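> Protein chains in written order, with our numbering: chain A, 1 to 401; chain B, 1 to 329; chain C, 1 to 295.
These aren't lab readings, by the way, just hints derived from the structure by calculation.
Please read all numbers here as calculations on a predicted model, not as lab measurements.
All C-beta atoms in this analysis are idealised placements derived from N, C-alpha and C, irrespective of residue type, glycine included.
You may find that some hints are simply not true.
Unchecked claim - Pair ranges (Cβ atoms, derived): (1) I214/B - E182/C: 23 to 33 Å; (2) R94/C - S197/B: 52 to 62 Å; (3) V285/C - R219/B: 41 to 51 Å.
To be verified - Straight line, CA to CA, 25 Å or less: simulated BS3-like cross-link-like pairs of lysine-lysine: (4) K66/A - K400/A; (5) K116/A - K204/B; (6) K364/A - K345/A; (7) K400/A - K63/A; (8) K116/A - K27/B; (9) K133/A - K323/B; (10) K334/A - K59/A; (11) K114/A - K92/B; (12) K377/A - K118/A; (13) K204/B - K114/A.
What the hints assert, rightly or not - Covered by chain C, according to a simulated footprint, are these stretches of chain A (three or more residues, beta-carbon under 8 Å): (14) 68 to 80; (15) 138 to 149; (16) 233 to 243; (17) 251 to 263; (18) 304 to 310.
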Amino acid sequence: MTFKTLLATTAFAALLASPAVAQQLSIKIGVMNDRSGLYADLTGEGSAVAARLAVEDFKAAEKGLKVEVVSADHQNKPDVGSNIARQWYDQDGVDVIADVPTSSVALAINQITKDKNKVFLNSGAATSDLTGKACSPNTVHWTYDTYALANGTGGAMVKAGGDSWYFLTADYAFGHALERDTSAVVVKNGGKVLGAVRTPFPGTDFSSFLLQAQASKAKVIGLANAGGDTINSIKQAGEFGITQGGQKLAGLLVFVTDVHALGLQTAQGLVLTESFYWDRDEGTRAWSQRFAKAHNGNMPSMVQAGVYGAVLHYLKAVAELKSKDPAAVMAKMKELPTDDPLFGKGTIRADGRKMHPMYLYEVKKPAESKAKWDYYKQVAVLPAEQAFRPLSESECPLVKK
Amino acid sequence: MADLSVEAPAGGLALEETNRSTERLHKAIMIGIALSLLVAPFVLYPVFVMKVLCFALFALAFNLLLGYGGLLSFGHAAYFGMASYVSAYAAKIWGLDPALAIVAGTLVAALLGLVFGALAIRRQGIYFAMITLALSQMVFFFSLQTPQFTGGEDGIQAVPRGKLLGLIDLADDRTLYFVVAAIFMGGLLLIYRIIHSPFGQVCKAIRDNEPRAISLGYRANQYKLAVFVLSAGLAGLAGATKAIVFQLASLTDVHWSMSGEVVLMTLVGGLGTVFGPIVGALVIVSMQNYLAGLGSWVLVVQGVIFVVCVLLFREGIVGVIAKRIGKGL
Amino acid sequence: MFELLGIPPQALFGQVLLGLINGSFYAILSLGLAVIFGLLNIINFTHGAQYMMGAFVAWMCLNYLGINYWAALLLAPIIVGATGIAIERLLIKRIAHVDHLYGLLLTFGLALIIQGLFRNGYGSSGLAYQIPPELRGGQNLGFMFLPNYRAWVVVASLAVCLATWFLIEKTRLGAYLRAATENPTLTQAFGINVPLMVTLTYGFGVALAAFAGVLAAPIYSVNPNMGADLIIVVFAVVVIGGMGSILGSIITGFGLGLIEGLTKVFYPEASATVIFIIMVLVLLVKPQGLFGRAT
Chain A
1 MTFKTLLATT AFAALLASPA VAQQLSIKIG VMNDRSGLYA DLTGEGSAVA
51 ARLAVEDFKA AEKGLKVEVV SADHQNKPDV GSNIARQWYD QDGVDVIADV
101 PTSSVALAIN QITKDKNKVF LNSGAATSDL TGKACSPNTV HWTYDTYALA
151 NGTGGAMVKA GGDSWYFLTA DYAFGHALER DTSAVVVKNG GKVLGAVRTP
201 FPGTDFSSFL LQAQASKAKV IGLANAGGDT INSIKQAGEF GITQGGQKLA
251 GLLVFVTDVH ALGLQTAQGL VLTESFYWDR DEGTRAWSQR FAKAHNGNMP
301 SMVQAGVYGA VLHYLKAVAE LKSKDPAAVM AKMKELPTDD PLFGKGTIRA
351 DGRKMHPMYL YEVKKPAESK AKWDYYKQVA VLPAEQAFRP LSESECPLVK
401 K
Chain B
1 MADLSVEAPA GGLALEETNR STERLHKAIM IGIALSLLVA PFVLYPVFVM
51 KVLCFALFAL AFNLLLGYGG LLSFGHAAYF GMASYVSAYA AKIWGLDPAL
101 AIVAGTLVAA LLGLVFGALA IRRQGIYFAM ITLALSQMVF FFSLQTPQFT
151 GGEDGIQAVP RGKLLGLIDL ADDRTLYFVV AAIFMGGLLL IYRIIHSPFG
201 QVCKAIRDNE PRAISLGYRA NQYKLAVFVL SAGLAGLAGA TKAIVFQLAS
251 LTDVHWSMSG EVVLMTLVGG LGTVFGPIVG ALVIVSMQNY LAGLGSWVLV
301 VQGVIFVVCV LLFREGIVGV IAKRIGKGL
Chain C
1 MFELLGIPPQ ALFGQVLLGL INGSFYAILS LGLAVIFGLL NIINFTHGAQ
51 YMMGAFVAWM CLNYLGINYW AALLLAPIIV GATGIAIERL LIKRIAHVDH
101 LYGLLLTFGL ALIIQGLFRN GYGSSGLAYQ IPPELRGGQN LGFMFLPNYR
151 AWVVVASLAV CLATWFLIEK TRLGAYLRAA TENPTLTQAF GINVPLMVTL
201 TYGFGVALAA FAGVLAAPIY SVNPNMGADL IIVVFAVVVI GGMGSILGSI
251 ITGFGLGLIE GLTKVFYPEA SATVIFIIMV LVLLVKPQGL FGRAT
């Protein structure tokens, strides 16, 4: 009863390791994500590739760690995810679960990890509850969250003159949360929200709602949805001439892989927030080229980059402690500053939030793109303290006020 | 109408000539099941066995409607899922005893079955299947759009297992296992009783020839509705129990693919046989567990099983065995 | 200028028009189901997957072979229709003699297989298919901006629906078909090759679904799940209409698209469920469906 089908042994027993290493510490990292569904390009095998790169770069074997990376598909279903997690922790000796996109699954894994006292390195999920009311001493939330996305896209758009908004909100809890968070940011920055329409989820035809958004004359149409809904609404907005009409589309949860799937012709002009873009600087480019070589020429998404960063930092903490005791490792991870070529220098806060800057990007026009995967131009940078929810507003019980 | 086991005269529904030896055989099988339930948690991962038991009960409930009401429902996820929401909600938000939470889930499922059944039995055969599917899709949208009750796409998570009747702590997997095994066994015996009661006999008569049964003075629609409600309620019992076991009620449980899965389990085990659904559930759940690494190939494999069963293997596993030994199972 | 429940009449016209566009898809798909059901007595659960295949074949034509939209509009239905014929000959035919519910189960299984294969091959995040250059842009109708492509969808689907109706109700071939539906044995006795007719009918119904898929490709994302949820709605449409008549299916399809469109304006939260609610109401009043014959 294992999920070893996709098992990939990455580090080899350091048979010839220096005799100074008294005993070898073996660690099993479970990369759990969507390997076949909507988020497979964004996370999927790419995240496992990123985890293996982290193990390789850390030279784990030389430091006396025997690291194994396994992976599984949670199909975006909380019940499937929790089954796998229980089995991994109870039976297969997994110490850490990494990635886990899809907020509902992430919250389930968060709970199980806490109950079983293991470590959860989340990169893929959006919900800011992971470091808010559902925060756990065993969880690090690495890459991004809804608060930062709303703040990045909402705040920066208003500053750039997009001060009236209309939302297309997917009619489920996640869509509502995105709309609520972004509205708050828009209003705080002096903009106003003209209205919102709840679209059935999952939806295919958004034309009717886009017409309502168009009629509102708002400068910005905020897409409080995800995955297929976002793709369809962007596609149909192009068809109805919405961007040509002068309104801007703001994707509240859009990733580089979505832009890749849409094509620049359709996605041009879209504004979005990410914490990592492969073409940002020397360091990200060098790493991304290596990643692409290992992953069929595809560039990494920010989620995959986040898996790399989180696994690397975890291994650092374990190597320093020479122990994988969850409480000690978590404390060490929060104590050590983080540093990697992808996210730069940063920290992990008491609530488990990893702090790094967020970037506002605009999707290039086809003519501006010089190479494959050349998609974004940077519009603004948000320093970490501005991007993420300040501890003073936190609902997390771990934060001492 | 829909006599789905026309080709399995000896197996399938042929319990009419239940003679002594068949009855003895059934008794032996029941004891066999009970014994293996006692041993299972010490050999296998208990959470896995509990999953199999919940789905087996679900499939048994579905099969009751199909095999003895002659009605193929393509929307049984509605009762399974709704019950799991209700029981999760009752246990988590109201802090009810797990036993009461399960009862509440079961009752709500039965009630939902009464409403949907009353609508659906107005049509038969293929229309019936489509109507039940559409009705269950409504339940899906309802669950999606009422996050204050269902938790939306997060589902209701971290449901406490609680203390059974305030005494027995269910946090331990093995303790919980025996409770689930007892519920399953109870469900199985109840269904067995229903089938062999005069009520069950009338249902079979209606299934085989409705006009004749009506002319004999039976109110066919009331009988059909009664089977429908029983089936929905038992599906609810399975769903409610599952919510306590996995401490989670989610949209997966109300999605149409869940309805498809239960049809598949029953088909593999043997439509209209007494024990088929149990075997089917065991096969399909293990397959999903062991093949989980294959990702979306699981979908393909399930599809292939559907096609192969329909084309070559309509009696199902238990149906074939029954035919071999010439006794109804 | 007056307003109806807070919606200006111009906006309302726009929404009615959009509703009709969605209705076109319901109409073609439910028509295909009705044609197949008429002769084969099975509900083709694979219909949604075949709609998806239509969109994918159009995409493959463009990306692998450089065949444009217009040719794909003709080719995709033929190719998918041919696979339908193969499915009928190899699989469905074998279960013609058993309960029709097995047909439902068989086609359900096939739908899972097709969907799973496409998911493995192309992922589920969807593929881009551009609107053909001839139909880009749109008309400003004063009350709304109508993309040319959407107008084309309504015209094309109406034309196909009416042509199908004409073929079945007004031609000799259609007469044979209706006779075979009524009494296959007798029709066979008159020297008409009924099994061939069954095969071709299935192929034709499937081709209709593929045609709808090609129409959908440029406006909805081309992805393996595009048909799965749609088909359940179409089932409800079919239950409401009753599958008794060709014209009935067409009218129900367009009508329900319209109602759904209006719901999106007045109460968007219910737009996913409105068709199911109508289904419940119809079942209460007229269980055999609006255009159905009592069974």
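> Sort out whether K204/B lies within 25 Å of K116/A, counting only the CA atoms.
50 Å, violated
> For the pair supplied as a hint, K204/B and K114/A, confirm whether the alpha-carbon distance does not exceed 25 Å.
52 Å, violated
> Given the range 41 to 51 Å, decide if the beta-carbon distance of V285/C to R219/B lies inside it.
22 Å, violated
> At the C-beta level, are I214/B and E182/C separated by a distance inside 23 to 33 Å?
Distance hint for I214/B, E182/C holds at roughly 27 Å.
> Three residues or more, CB to CB closer than 8 Å: is that satisfied between the segment 138 to 149 of chain A and chain C?
Violated - the segment 138 to 149 of chain A has 0 residues with a Cβ nearer than 8 Å to chain C, which falls short of three.
> Check whether the Cα positions of K400/A and K63/A lie no farther apart than 25 Å.
36 Å, violated
> Check, residue by residue, whether the segment 251 to 263 of chain A contains three or more positions whose beta-carbon lies closer than 8 Å to a beta-carbon of chain C, and give the verdict.
holds (count 5)
> Count the residues of the segment 233 to 243 of chain A whose CB lies closer than 8 Å to any CB of chain C, then report whether that count reaches three.
Coverage by chain C holds here, the residue count being 5 at a Cβ distance below 8 Å.
> Hinted pair, alpha-carbon criterion (25 Å max): K377/A, K118/A. Please report holds or violated.
40 Å, violated
> Within 25 Å, alpha carbon to alpha carbon, are K116/A and K27/B?
42 Å, violated
> Given the hinted pair K364/A and K345/A, is their alpha-carbon gap at most 25 Å?
Not OK: K364/A and K345/A at ~28 Å, beyond 25 Å, violated.
> Is the coverage entry for the segment 304 to 310 of chain A by chain C consistent with the three-residue Cβ rule at 8 Å?
violated (count 0)
The structure shown violates the earlier hints numbered 2, 3, 4, 5, 6, 7, 8, 9, 12, 13, 14, 15, 18.
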